[in-house]
Amino acid sequence: MAPLVLPLLVALPLLAGVLLPLLPENRPVLVRSLAALAPGLQLVLALLCWWYPPADLHLAWLPKLGLSFDLGLDGLSLPLVVLSGLLTALAILASPADQLRPRLYFPLMLATNLGVVGAFLARNALLFVLAFELVLIPTTLLVAIWGGERRAGAAIRYLIYGAVSGLSLLAGVLALGWFNANGFSFAYDDLMRAEITPRASAVILGLLLLGFGLKLPVVPLHGWQPLTYAEAPTPVVMLLGGAVAKLGAYGLLRFGVGFLPDTWMAWSPWIAAAGAVSAVYGALNAIAQSDMRRLMAYSSLGHMGLLVLALAAATPMSLQGAVAQVLAHGLIVALLFATVGLIERRTGTTAIPELSGLLNPYRGLPFTLGMLLLALMAAAGIPGLAGFPAELLVFEGSWTAFPRATLICLVASGFTAVYAVRLFNRVGFGRLDNERADWQSTTWQERLPAMVLTVLVVVGGLWPTSLVGWSESSTAALALRAQQIPPSPAQTFLASATLTFPLEVPVS
Amino acid sequence: MTPPSAAAETTTRPPLIPPSQHPYAEVIHRLEAGGSMLPDTPENLMQIIGIYKAYAVPMDFYWRDLLYIAERVFLDPLPAFKYFPTQEYLDLPNSYAGDDSKLRIWRGQATAHPELLEFMAKGETRPMSKLLHHLWHDRINMEFAEACMEAMLWHQGMGGRFYDYLETDVYKANADRAIKAYFKGNPLMLGLHALFPEMFLEQVRKMSYYANLGLFWEVMAPVFFEMSDIYDEGGFKGVPDAMDFLVNGIFAVAGRPIYHHVYIGEEMFEIIPKSEGFTWLYEAALPYVEAVFYRTAPFRGTKSYNAQAGQVPEVQADFHYGILYADVFPVGSAGIPPTLLMQDMLHFLPPYLTELYDQHKRGEADILIQLGVTFQRSMYNVTSAVIQALRCALLYPLDDTDPEHLMANRKFFEAQMDRFIRPEARLPQIQTQDYR
Chain G
1 MAPLVLPLLV
11 ALPLLAGVLL
21 PLLPENRPVL
31 VRSLAALAPG
41 LQLVLALLCW
51 WYPPADLHLA
61 WLPKLGLSFD
71 LGLDGLSLPL
81 VVLSGLLTAL
91 AILASPADQL
101 RPRLYFPLML
111 ATNLGVVGAF
121 LARNALLFVL
131 AFELVLIPTT
141 LLVAIWGGER
151 RAGAAIRYLI
161 YGAVSGLSLL
171 AGVLALGWFN
181 ANGFSFAYDD
191 LMRAEITPRA
201 SAVILGLLLL
211 GFGLKLPVVP
221 LHGWQPLTYA
231 EAPTPVVMLL
241 GGAVAKLGAY
251 GLLRFGVGFL
261 PDTWMAWSPW
271 IAAAGAVSAV
281 YGALNAIAQS
291 DMRRLMAYSS
301 LGHMGLLVLA
311 LAAATPMSLQ
321 GAVAQVLAHG
331 LIVALLFATV
341 GLIERRTGTT
351 AIPELSGLLN
361 PYRGLPFTLG
371 MLLLALMAAA
381 GIPGLAGFPA
391 ELLVFEGSWT
401 AFPRATLICL
411 VASGFTAVYA
421 VRLFNRVGFG
431 RLDNERADWQ
441 STTWQERLPA
451 MVLTVLVVVG
461 GLWPTSLVGW
471 SESSTAALAL
481 RAQQIPPSPA
491 QTFLASATLT
501 FPLEVPVS
Chain B
509 MTPPSAAAET
519 TTRPPLIPPS
529 QHPYAEVIHR
539 LEAGGSMLPD
549 TPENLMQIIG
559 IYKAYAVPMD
569 FYWRDLLYIA
579 ERVFLDPLPA
589 FKYFPTQEYL
599 DLPNSYAGDD
609 SKLRIWRGQA
619 TAHPELLEFM
629 AKGETRPMSK
639 LLHHLWHDRI
649 NMEFAEACME
659 AMLWHQGMGG
669 RFYDYLETDV
679 YKANADRAIK
689 AYFKGNPLML
699 GLHALFPEMF
709 LEQVRKMSYY
719 ANLGLFWEVM
729 APVFFEMSDI
739 YDEGGFKGVP
749 DAMDFLVNGI
759 FAVAGRPIYH
769 HVYIGEEMFE
779 IIPKSEGFTW
789 LYEAALPYVE
799 AVFYRTAPFR
809 GTKSYNAQAG
819 QVPEVQADFH
829 YGILYADVFP
839 VGSAGIPPTL
849 LMQDMLHFLP
859 PYLTELYDQH
869 KRGEADILIQ
879 LGVTFQRSMY
889 NVTSAVIQAL
899 RCALLYPLDD
909 TDPEHLMANR
919 KFFEAQMDRF
929 IRPEARLPQI
939 QTQDYR
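Sequence lines, in order, name chains G and B. FYI, in our numbering the residues of the first sequence are 1 to 508. FYI, in our numbering the residues of the second sequence are 509 to 944.
Just chain G, same shape as in the assembly (with noise of 0.2 angstroms):
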């Protein structure tokens, strides 16, 4: 694989965002799809990269300060590159055709990408917050400038959030290159084999917890989401829910699990316990919503919750199931808001209590309920979607290190039955109001976003190799419990029993 290919994958997005709001600003589906084609070509060169793996790049920056312009792919932040490209593509894609002000718009959704897959690719600590910060700007002003009513109350929310997130993110890892008794560096090949002494490794486990808690969300460091995602244009939040947020994901899994071993296993009961509380706090506050946006925000956070106790558990199938989860989410939570951001168009809301008979065949909107639908049923868990998979890996990663907390979030998961079937019969059954059901059909250009993630949803159930296949190496490799399988009673009674085979052929 050709050298460029590394920064072909950073450059993309970023040629495009400068070359975009040179275009005619009259010409708002022109500038959308050449948009959308930078993240679409950035998604096939990811997908090439699974078969021709690049080579890392590295270039020195400002080797003073240990920042390198390192950039690689492995098996954990391949599947995140090919998710966000996709995610970058369908949420502009799913962004209005007549959209307002699309040559700072769809730039600044291409700049999210450029942070994202940027600290995705990066192979320096340094490198990856620099990525992170970046994408706190263009994040924070596409929900300040096209966001709802109450946008500038949720901007500055968000953005608040987002500093102490970053600021503490940049401390904890300008702790772990200060401290490592190896030698001043950032790249993740030192960082891996760094010694740290263990006070000092508890301050940066709290300091990164605190950053990528913030970014993920998980309780109680959530504040900012409800109402970012009930604010943001639904594109935003499709790309704010489905590839950024997964950066904590990320950099819990490559710092904490990675970097900090031992203090992660000594905290590991505690991050559990959190990963349960948001959990059930999730589930029971979708349960009790009334809007459609933060009815999705909390099963996010929930479904986080069940992310982190499989972080927590650190075990080769628990951690496959974290990724699993993160790739699974990714799409379900893009597909949730995609339907959701298709009912608002054409209603002109997403209040619960407004909303019903949508499922009419002749007034309603059929074809995009069925969607929701589908994805409630893949965040519900229900097998043949992505979601069972995911889960399934995660709990019978997790039960054999945390089985109190895998517990309580199975119960959790249940709750997510609850709101998808409470939220679905409101809203899609019932009877559709002649008065306020004028509004046409949806388009076929308008569904396609959705149609796609609604194809990989499916594919995800049914063909769960493409959810853990990328990094089923990459997490054994981090895994720091090894994987006990209770014996069955079976087993236990053909272990304990003195059988021997006629035909069995003694091992030399």
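Hints were generated in silico from the structure; no laboratory data involved. Glycine included, every Cβ here is placed at the ideal spot set by N, Cα and C. Don't take every hint at face value.
What the hints assert, rightly or not - Computed spacing ranges between beta-carbons, pair by pair:
1. B:643 x G:455: 46 to 52 angstroms
2. B:707 x G:422: 54 to 60 angstroms
3. B:867 x G:51: 50 to 56 angstroms
Said to hold, decoys possible - Counterexamples of contact, computed for chain B against chain G with all Cβ distances above 12 angstroms:
4. 550
5. 631
6. 640
7. 642
8. 667
9. 701
10. 737
11. 847
12. 868
13. 877
14. 878
15. 880
16. 905
17. 929
18. 942
Unchecked claim - A short, non-exhaustive set of chain B residues, derived as facing chain G with CB atoms under 8 angstroms:
19. 608
20. 876
21. 943
Fit chain B to the supplied structure of chain G, relying on the hints for placement.
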């Protein structure tokens, strides 16, 4: 009685009674001026006449098949072919159309309508055998007609003497004779009849309602055909004209006999003889309007009603699931399955209605809903005609100069409008053109 058309002059006179304070005062004043519950607009006229035409063609099948079932299929325990009326019934001359009719309402032919025959042969798909059309559901939905009949049978007690007659010894004896003749040589069925004498009797009562509704629609089909032809010739100037035509038609055929004859072998059995004196207006039209337009029943299958939670009225007379209240959306709707009738009418829409529907809402994609709303408008007009006819028959002319008489008319109209105060009624919606 003064025909309502003569009441137009009353609009120019100073009012003899104070304005109504009823929530539907505007509608009541319109009725008092000889108008309809449906506002008089050119589009409303076009919509209702167009839908009458589209309704009349399947209705031409309904009445023929209803009579075929009542008179020929009768007690067939496996009536798999009851929706296949014989050629004799398709050629059955309508009493109010054709050259030989005593009272010719429609200037067209007495046998089945050509558009109906064309549809029966070809359907929406292509020419094939009747059975294949039936199995493919490419046919007229007789289930709708049967649902209307069942509503009339079930609600009963809506005035008239018809239902009471079904409990008399005379009727029972007539029915018993027909039952025994029908099952002659069939010891199993005769044995069942001996063991459970009410069983087949109840079926015969049902058959009598088949005949009742068939005879009712035999009148309405030519009325609607004629209205369509008059409109096409530029004959109606407004909605009140169309309503007056209906009122005049009601009075013209009010005395038409309602009977139930059954043909078993070569013999004809008079289960309800014409000599009983049951007439079209009191024994068919009024119960039909009450049962089908107002009451019917919660339509099973689209919405759950919890009777224990009071979602279904305790008294049948309070039922309000008819077309005047129905939500014509297939999901969450109530009453007689409107989708079946909408589907039937869709085949026979005049081009001007198709063009109208194309211009609004989702065009062809939701045409069933749009024509359902049109049907609702048209039935408000039919109900207006019935209300005016009742007022003519029971009360005073609209141009009466006695304030007491006018007040009696007012009370009558207000009592009729009280039935539309409940939120499900669509009367407020049809007052505007944007309800589609």
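Evaluation of the provided hints:
no.	hint	in the structure
1	B:643 x G:455: 46 to 52 angstroms	violated (35 angstroms)
2	B:707 x G:422: 54 to 60 angstroms	violated (47 angstroms)
3	B:867 x G:51: 50 to 56 angstroms	holds (54 angstroms)
4	550	holds (23 angstroms)
5	631	holds (22 angstroms)
6	640	holds (26 angstroms)
7	642	holds (24 angstroms)
8	667	holds (32 angstroms)
9	701	holds (46 angstroms)
10	737	holds (31 angstroms)
11	847	violated (10 angstroms)
12	868	violated (10 angstroms)
13	877	violated (5 angstroms)
14	878	violated (9 angstroms)
15	880	violated (9 angstroms)
16	905	holds (38 angstroms)
17	929	holds (19 angstroms)
18	942	violated (8 angstroms)
19	608	violated (44 angstroms)
20	876	holds (6 angstroms)
21	943	holds (7 angstroms)
Hints 1, 2, 11, 12, 13, 14, 15, 18, 19 from the list above are not met by this structure, while the remaining hints are.
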